[in-house]
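Engineer: Residue numbers (the working numbering), protein chains in the order written: chain E, 1 to 176; chain P, 1001 to 1216.
Hints were generated in silico from the structure; no laboratory data involved.
Heads up, the beta-carbon is just placed ideally off N, CA and C, and yes, glycines get one too.
Hints may contain errors.
Derived coverage of chain P by chain E (criterion: at least 3 residues anywhere in the stretch with Cβ under 8 angstroms from a Cβ of chain E; other residues may be distant) [what the hints assert, rightly or not]:
(1) 1038-1046
(2) 1194-1206
Cβ pair distances, simulated, as ranges [stated by the list, open to error]:
(3) E:Glu162 x P:Arg1072: 50 to 60 angstroms
(4) E:Glu162 x P:Leu1171: 18 to 28 angstroms
(5) E:Arg90 x P:Val1102: 34 to 44 angstroms
(6) P:Arg1205 x E:Ala76: 31 to 41 angstroms
(7) E:Glu162 x P:Ala1018: 17 to 27 angstroms
(8) P:Val1115 x E:Tyr95: 28 to 38 angstroms
(9) P:Arg1203 x E:Ile145: 49 to 59 angstroms
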Amino acid sequence: MTNRGATRWNLVWMRAAGLLLLAGVLGGCGPVAASASRSTTPQGECTPTDQDQYVYDPGRLQVVQACIRVTGTVDAKVISTDGDSIILLRLDPPYEHLLTPGNSVGEDNGDLGVEAVCTVPTVEAAVIGLCAGDSNPAVGPYPAIGAHVWVEGRYIYDLHHEAHAELHPLYHIGTL
Amino acid sequence: MSQERRVPWRWAGLGWIAANSVGYAVALAAWVRWSQPIWPPLSQVLGGSLTLALYGATLGVGVSVAQALVLRRRSVQPLLWIVATTVAFTVSFVVASWVGLVVMRAFPPGSDKYVSNSTINIAFGLLVGGGIGVARWFVLRGSAPAAAGWILVSAVCFMVGYGATVGIFQLTPPIEQTILGALFGASIGAITAVVEWLWLGRRQRVWAEATGSPAT
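The shape of chain E in the complex, shown without the other chains:
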């Protein structure tokens, strides 16, 4: 199964506060931690996190831009059996050019998929070991459906799914 396959239509959003056992160490010398929510729009450049290395089967993703910030409205939220939380984002007009014809097909319905990796316990053998090593997943709670948000993530084309555009993985998200 893949991140964007039919199997994604599973699991609801579950999140609890992390037991930040190693938060100090990770925050002090590790990569920038992913964050699911910020209260304000960040200033400056888009800030990637360490989540790229926890993307399942990265070879299927064509990286277009390493880090990009967009704004839009949360259209839907689903969870995949592969451990990803998926936010379907209705992009604001200035960012609609980021969509590809593939985004008009099937479940995307004209939205941009934003995938936060390793955010729910997976039942898929291919990613269990991968996610077990992820110390900074961009866990929720995520903004509610209908919320106007800004999002930072890696802009890619998923070559296994009509080359539709995604932000994959999600780095940061917050409400406007």
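Position chain P relative to chain E; hints supplied.
Structural biologist: Just chain P now, kept in the frame of chain E:
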């Protein structure tokens, strides 16, 4: 020509299938529902191996306790069965998860996803199932003449049960997280147990000899 003694299907077989279905369902639902907070902090412990071990142990306890309840009629020592099965799940789950990761990374970019995923699932299923089978052999080896047969049968059956379940859930609509865990687990347990029972479990020689009279 001698006829092999069979364990009656009605209760023993259905009990085995029910126990596995319920055991996997409860354990997986519980893990999916409540384990997320421990994943990040434990990710630094041996590269996440502790998380994987706890994942396997949770499944092992849930499945083995349910199985032990229905295996009392097979003269299986419940505590030994539970401990052995849980240890097997724990160890094999860690090994199988890492092997799955290695296999995934061994496929070059652009590989057919169905081939790569199937390969991963087969390897994962065989390793976890094999571990379960070793535990069964260990527990039954002194009293069942054909206990070693559980190793191969468990490996293949878990692979079939897990693989079929993954396939089934590719077709499912959105399901609430805990319910998904329960259904996913129930499917693994049911499919695995049915094949196990048809293949080996109904044969008296793979259970304890002390079960001299056919169980009902």
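Engineer: Indicate, hint by hint, whether the structure satisfies it.
Structural biologist: Consistency of the hints with the structure:
Check on the segment 1038-1046 of chain P: 7 of its residues sit with their Cβ under 8 angstroms from a Cβ of chain E, so the three-residue criterion for coverage holds. With 0 residues having a beta carbon nearer than 8 angstroms to a beta carbon of chain E, the segment 1194-1206 of chain P misses the requirement of three or more and the stated coverage is violated. Taking the beta carbon of each, glutamate 162 of chain E and arginine 1072 of chain P are about 55 angstroms apart, inside 50 to 60 angstroms as hinted. Checked against the given bound of 18 to 28 angstroms, the beta carbons of glutamate 162 of chain E and leucine 1171 of chain P, roughly 19 angstroms apart, stay inside it.
Evaluation of the 34 to 44 angstroms hint for arginine 90 of chain E and valine 1102 of chain P yields a pass: the beta carbon distance comes to about 40 angstroms. Between arginine 1205 of chain P and alanine 76 of chain E the C-beta distance comes to about 55 angstroms, which lies outside the given range of 31 to 41 angstroms. Taken as a hint, the range 17 to 27 angstroms is violated for the pair glutamate 162 of chain E and alanine 1018 of chain P, whose Cβ atoms sit roughly 43 angstroms apart. The hinted window of 28 to 38 angstroms between valine 1115 of chain P and tyrosine 95 of chain E holds, with their beta carbons roughly 36 angstroms apart.
Against the hinted window of 49 to 59 angstroms, the Cβ-Cβ separation of arginine 1203 of chain P and isoleucine 145 of chain E comes to about 54 angstroms, which satisfies the hint.
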